[in-house]
Structures are given as C-alpha cells and as structure tokens.
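Peer 1: Work the whole structure out from these sequences, hints included.
In order, the protein sequence lines correspond to chains A and B. Heads up, the first sequence is in the working numbering, so the first residue is 1 and it goes up one at a time. Heads up, the second sequence is in the working numbering, so the first residue is 1001 and it goes up one at a time.
Bear in mind the hints are in silico, worked out from the structure with no lab data behind them. Quick caveat: nothing in here was measured; it's all calculated off a predicted structure. All residues carry an ideal CB built from backbone N, CA and C; glycine is no exception. Fair warning: there could be bad hints in the mix.
As the list claims (entries may be wrong) - Listing some non-contacts, in silico: residues in chain A with all C-beta distances to chain B over 12 Å: (1) 90; (2) 240; (3) 271.
As the list claims (entries may be wrong) - Computed, partial: chain A to chain B, Cβ under 8 Å: (4) 106; (5) 109; (6) 114; (7) 115; (8) 135; (9) 142; (10) 145; (11) 147; (12) 150; (13) 244; (14) 245; (15) 288; (16) 290; (17) 293; (18) 294.
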Amino acid sequence: MSDHDIERDEHSGTATTGHEWDGIKELDTPLPRWWLWIFYATVAWSIVYWVLMPAWPALPGLAGETDHTRGLRNHSERANVVAAVEALQASRAAGYERLRNATIEEIEADPSLLQFTLAAGESAFGDNCATCHGAGGQGFVGYPNLNDDVWLWGGTHEEIRTTLQYGIRAEHDMTRFSQMPAFGRDELLSSADIEAVADHVLSLSGLAEANAHGAEIYDAQCASCHMADGSGDRAQGAPNLTDRDWLYGSDRAQVIQTIYRGPYGVMPAWEGRLDDTTIDALAAYVFLLGGGEDATARPTGQ
Amino acid sequence: MTDQQKHSMAAPGVQRSKAEAVNASEARELYSARQQIYPKLAHGKFRFLKWVVMSIALGVYYLLPFVRWDRGEGAPDQAVLVDFAGRRFYFFFIEIWPQEVYYITGLLIIAALALFLATALFGRVWCGYACPQTVWTDLFIMVERFFEGDRNARMKLDRSKWSFDKAWRKIGKHVVWLLIALATGGAWILYFHDAFDVVQNFFTGEAALSSYLFAGVLTFTTYTLAGTMREQVCTYMCPWPRIQAAMTDREALNVTYRYDRGEPRGAHKKSESWDGRGDCIDCKQCVAVCPMGIDIRDGSQLECIQCALCIDACDDIMKKVDRPTGLITYETDDNIERMNAGEKPRYRFVRTRTLVYAVALLLVAATMLTALINRSELELNAQRDRNPNFVVLSDGSVRNSYNIKVINKASEARDFNLVIEGDPAFQPRLLGANPDTPLQMHVGADQTQDFLLHLVLPEHAVDDLREPLTFRVVDPVSGETASTASVFIAGAR
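Peer 2: Structure below.
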C-alpha cells in the first residue's frame, strides 16, 4: 500500500485505522515489541509444556491407563499428594513414638511433646469428634462437654483412652454398656410418678423443693445405679445427679423427658477406625482440655 | 564548508563527532529498531566521582556478605543476613523478627523520602551515580571498552566483517560480562545463607535449588539489563523518570546546557573572534559521551539520567578553545533564565518542597530510631480460648483457658515469672510447670514459646461476668517486663 492511502496523524506521525466516530479517529498504534516477544515466548513455552506435562485428553488406550497424555515428566498431582501424605506421616512418626506410653505429666513437662500432642490431638479431634462434641469439645445437649471435670465413665488418662477405643454402647465386644430404662415410654412409671421423681432429682442440686413421693420412687427405681445420694456410679456410666452438669438439660421438662424416654447415648468405638497412635493423641488431647484426672497414671489398653 | 574542513581549522586537540541524539524528534518512529549507542570515554571530575561511587557500591555489594559479626553461641555470625529458614533478619547489631518488618518499611520510607529530597535539590543524582542499573551498565561499558576500544573503534568493529580479531573481542567481552553477571547473581544469594557455606556448596552442587534459581535469574537480568538493554531500561522500564518530573522543579540543580552562553552555536576557527556568537562549537562531544545517546542541548528530557559526563566532555573542549568551563553544568532553570536576562544567579535550597521532604525524612527517621532504641526483647500475647468461651465445672466454678505466647528475643534462655493481675480468687494452672514454681515460664534463647493456662474462678455466682485482668511476665534477673490485657468471662453465651 502506498503511503498516501494511509492517513497519518499529523501530531504523532502514526497511521490511523481509518475508523472515525464523530470526528474522533483511532491511531493504529503497534503493539510494543517487548509485549509481542513475550507473547511469542509464551506460545513457544506452551509447546514445551505440552511435551513435559499432562496436557491433552487422549483417546482411550492411546495414553496408557489414563485418559490424557502424561507428558515426559509423568507428572501426577495425585501421586504427589500420596507421597506428601506419606512424608508427613513419616515426619510425625517420631512424635507419636514419644507419645506412646507417656503419662500426661511427662507430656506436660516436655514443651515440644506437649505442642505435638495438642496439635495432633486437635487435628484428629476436628476430623472425628467435633461433629458431636463441638470443635472445642464444648458438647451439646446429649453430647458431653469434654472440657469440664464431669466424666460419666471416668476421667483418668486410661479411662478416657478406653472410652475412645471401645466406645459406649457401640458395636464392639469390649464396649462400655449400660442402659437407663425408658420409664415413661415403657410404662414403668406413671406420668405423675415421673414428675415427682424429676422434682426429687432437681432438689438434689437445689433446683426444686424436696418431694417425698419422688424420693420414695427414686430409692426404688434409680438408687441402684445413681446411688442413694444421687452421686452416680462411673462403673455403670450413671451420671452424678447432684452436680451442676446436666447432660440432657436442667429444665424440669427436660428432666421429665429424660426419665420418660431413658437416654441411650452412643459413642462409636474408634479401635479399627483410627490407628492406635491417633487414639493416643486423642486421649491425651481430651485429657489436656482441662478436666483430666490423675496426670501421673499411664495409659493402657495398647 | 564540509565537516572535514571545519575540523582542520579548529583549535588543537578539539575533536568533533558525528553524533546525533537517538531521541531527536525527526528520528523517532514507533517501530524503528533501537540505535546502538557507543558512549565515548569521558575524562574529568565527574567521571572520577562516578568511578569512586562505582567502586564503593560494587565493593559493598560483593564483599558485605563476607563480613562477620559475633552474636554468640548458636546465632549466625554473618553481619548482614536475611535468614528465611530461621525467620530473622540480621544487620550488624540489629536483629529483626518477622513481625517487626515495619523497621524495613520505615527504612523504605526513609529511602523514598531521601530520594525525593535529593531530586528536589540536585535532580536525578540517584539515577546518575548510584542506581544499580547505572553502576552495572557503567561497569559493562568499561569491559566493552577494554575489549573493543573506545567509541570510534567500537563503531568500526561493529561495521566490519567477521574476522578472528572481531570474534575474540566479542567473545571475550561476553564471557567477562557473564562472569560479572554470575558474580552479581551469586553475591545476591550470599545474603540469604552463610556466605562461606554458600560459596562452597554452590560450586559443589550442594546449594539449595532456590540458590541456583535466584543466582540464575539475577545472572540473566544483570547480563541483559546492563549488557544489552542498558538505556532502554531507564527510558522504557523504569517508572522513576516519569515520577521525577513531579519531584524536580525550576530551582533544582540539574545538568543543564547554558543556552544563554552557548547560542548561537557553530563551528569555530581558531583565529576567529568569539564576539557575536555562542561558546558552543557544536563539536557534539556531549552527545558522544552520553550513555543515553541524547543531546543535552535539547533541554531537560526524560531520557537524561544526569550522569554529568557531558559536563566533563564539554569542559575538556572549553579548555582547549580557551573559553570558560561550565557551558554544560549543574544549574537551575530559573538561573539560566536570569543569566540570559543579564541578572545574577540565585540559589534557593530551602524551599517549601525541600523543607517538607526534609522534615518528613527527619520525622520518620527519628520515629524509627526511637522505636529501634526502645525495642523490647520480651513480648507477650494472650489469646483467650473462645471455643468454648468458658467451662462450668461440676461444683459450679468456672474455668477460662488462655494460650499465652512469650517471645524471648534475648540471646540466652530465660525463666520468666507469670503474674496475673485481677481477682485474687483466680486459681491458675500453667500446663507443664514445675509444681515448685507453678507460674514459671522457661523460654529458650531467641525463641517463642506457647503456654496453656487454665484460670478457675471458684463458686461463681454471678451471671454474665466479665472480669478484666492483666497478664504480666517478669524477668526476675533483668527486671524486664511485658504485659497484656485480657478478660475472664462467665455466663455470657
């Protein structure tokens, strides 16, 4: 094209595109050279990338077992993840080894082991336990708070570990088991009797007036597990009825309902689902949430 | 009259060059390829000053990593070290933790303000003397001159056909360039690990991958930026030439052609009178020595890095034609106008602009210095556990838990005492504490340690309790103390 066909901007000397909008013309400014060269370089690089890395979907059979070209580097993000997980487990093995058979006292006395235990425990707790017990182990109605000093089945390091391992009312031969009758649903007590006994139970912690009729029923129906003074029995997982902790609620209606239906709280047995080292970490972590009893005892059941 | 004839009649020793400014407006086309610039060697006080600055700058850069500074057992003994793995920055007696990065921020602000101030006073002195691009380009041109000769020889060599002579000069130049580039990239990584170890590991193939990567990248950038791109970096890549237009003004000292003295310019015969004409004999030595390839006589322009080499070149010529030096000189725009009008030059270094920069610079520097002098070697953070917010125990007492983080920046391990200032009924239990010293916290040298603290308030009877308290750690030996406020909560869901 000869020069006179192209309109040139008087000021900059650059050609125009020939387009015009209400007297405004567009300069045909060329792309900067450096930009063009980088663009070409990225095009060239993409070809290198196709050769080296997985890039293209492939017809079945053409690229081996997968449905895409694998590239010369045979790169696989899945394989990397597997390797990374294995490397991580290997790096943690030493910590778990030290945790094994350590008493809480020993764990506490070693800052690095304490940090390891809390980190490993918190992580496993978040994955497995937080669904029922809450992210901080604070519990919900029917699911015990693990931070306090109330333990249905015992709060030593060993007892916590046993509970974790075998569960409560779980499908395991060694599971902790007991059952509170459903006094109302199974028509063992009348509604009036249930209300009376509920008042008696509430009176044990000063939340209601004393109820003589309720006390009589309590002695006949409840005292064998919850003890005559209401202090409970950990051997049967029978809660202490005199303390401030109410697993199923302290409202009169909640207590009546609890007696009516007979709660049957289930905690799974974690043996077989989690490896022993994870259970070690969880037992120590739950203990260290603040309510554990007797830090000098060694965990067993391993 | 031809150039040749003019030349023969000029004063002895006066050289003339056929140099045209690369940015001359008629030569400017968007797609025109870069014109190679062949800067001629200048001689004079500014050239000398530039050699001195270059020696100091390069000397500091290459040798500083090898300077040692004893910090005691277990701490690195390199005077300047950015220790990413250990998360520390060491600068002689200063040691900075990652959370103290504001010291670096302060340093950068000080550097920026100093740059503004220098620009307001003396134009682009940073660009002309101290910018790494200028320093390394100068060094690379020196190497080029060593192998290929000065301006005319280099131009001739580039025009000539390939020969053995041309080949060894070119190869020699590029090999030395690459070696300098490698030393530059190599010196960079010395600031991030122990320098002596890195040097050894680098050549035995045992250094970290990142070391090779960064050394490689910086080798490449040094070679291309200082070797092949040169003035294009300043003109097209660097934002500073654009910013400096706002920083300088009519009263800043800039490298300037005194048109009041120089015009009308023209060739001058030795016998000719100087009456009725300017001092500029249009020999274009100022253009020939310019590393940016521009003509200072076109006025101030964004390409000019104010390296002052044209001053040296022009002064040289002025002496030879027996005219006063300083036809090109550090001068202000205002003064040149004044002199053009026959007035005396006036200099005002104290102006609103320079005052504001100087005051801001002093303020920031004083603030940072005060912060550095009063820097504590002990820090304390307390994070209350909010999940659960509080725990009611079986007897009705309430427990809060706190994660207490103690940072010991001293170079020895210390035992701190924890003091809880608040309700005297608080029963503390510090996990991991020795029963004999239940509130003692042991923190290793130069370390951060987390502690778990349970606080129990017995027989809690109030709903919605929100009790403020203060944690304080005390170093019983030095008396150093740090405290942080927190709160004890009960009943508020």
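Peer 1: With reference to the structure, classify each hint as holding or not holding.
Peer 2: Okay, the hints, checked on the actual structure:
1. Here residue 90 of chain A stays apart from chain B, with its beta-carbon at least about 21 Å from theirs, past the 12 Å limit.
2. Taking the minimum C-beta to C-beta distance to chain B, about 7 Å, the non-interface status of residue 240 of chain A is violated against the 12 Å cut.
3. Non-interface call for residue 271 of chain A relative to chain B: holds, since the shortest CB-CB distance, roughly 28 Å, exceeds 12 Å.
4. The closest approach between the C-beta of residue 106 of chain A and any C-beta of chain B is roughly 10 Å, which is over the 8 Å cut-off, so the hint fails.
5. Annotation: residue 109 of chain A was flagged as interfacial toward chain B, and the flag holds, the nearest CB pair being 6 Å apart, inside 8 Å.
6. Because the beta carbon of residue 114 of chain A sits about 6 Å from the nearest beta carbon in chain B, less than 8 Å, this interface hint is met.
7. About 7 Å separates the beta-carbon of residue 115 of chain A from the nearest beta-carbon of chain B, less than 8 Å, and the hint is met.
8. The closest approach between the C-beta of residue 135 of chain A and any C-beta of chain B is roughly 6 Å, which is under the 8 Å cut-off, so the hint is satisfied.
9. For the restraint placing residue 142 of chain A at the interface with chain B, the shortest Cβ-Cβ distance is roughly 16 Å, beyond the 8 Å limit, so the hint is violated.
10. A least Cβ separation of about 7 Å between residue 145 of chain A and chain B falls short of the 8 Å threshold, and the interface hint therefore holds.
11. A distance limit of 8 Å between C-beta atoms decides the matter here; for residue 147 of chain A the minimum to chain B is near 4 Å, and the interface restraint holds.
12. At about 5 Å, the closest approach between the beta carbon of residue 150 of chain A and any beta carbon in chain B falls short of 8 Å, and the interface hint on this residue holds.
13. The beta carbon of residue 244 of chain A is positioned within 8 Å of a beta carbon in chain B (closest approach about 5 Å), and the interface hint is therefore held.
14. The closest approach between the C-beta of residue 245 of chain A and any C-beta of chain B is roughly 6 Å, which is under the 8 Å cut-off, so the hint is satisfied.
15. Given the 8 Å rule on beta carbons, the hint for residue 288 of chain A holds: about 7 Å separates it from the nearest Cβ of chain B.
16. With a least beta-carbon distance of about 5 Å to chain B, the hint placing residue 290 of chain A at the interface is held under the 8 Å criterion.
17. Interface hint status for residue 293 of chain A: violated, as the beta-carbon distance to the closest one in chain B is roughly 12 Å, over 8 Å.
18. With its C-beta approaching chain B no nearer than about 14 Å, residue 294 of chain A sits outside the 8 Å limit, and its interface hint is violated.
Comparing the model with each numbered hint stated earlier shows that hints 2, 4, 9, 17 and 18 do not hold.
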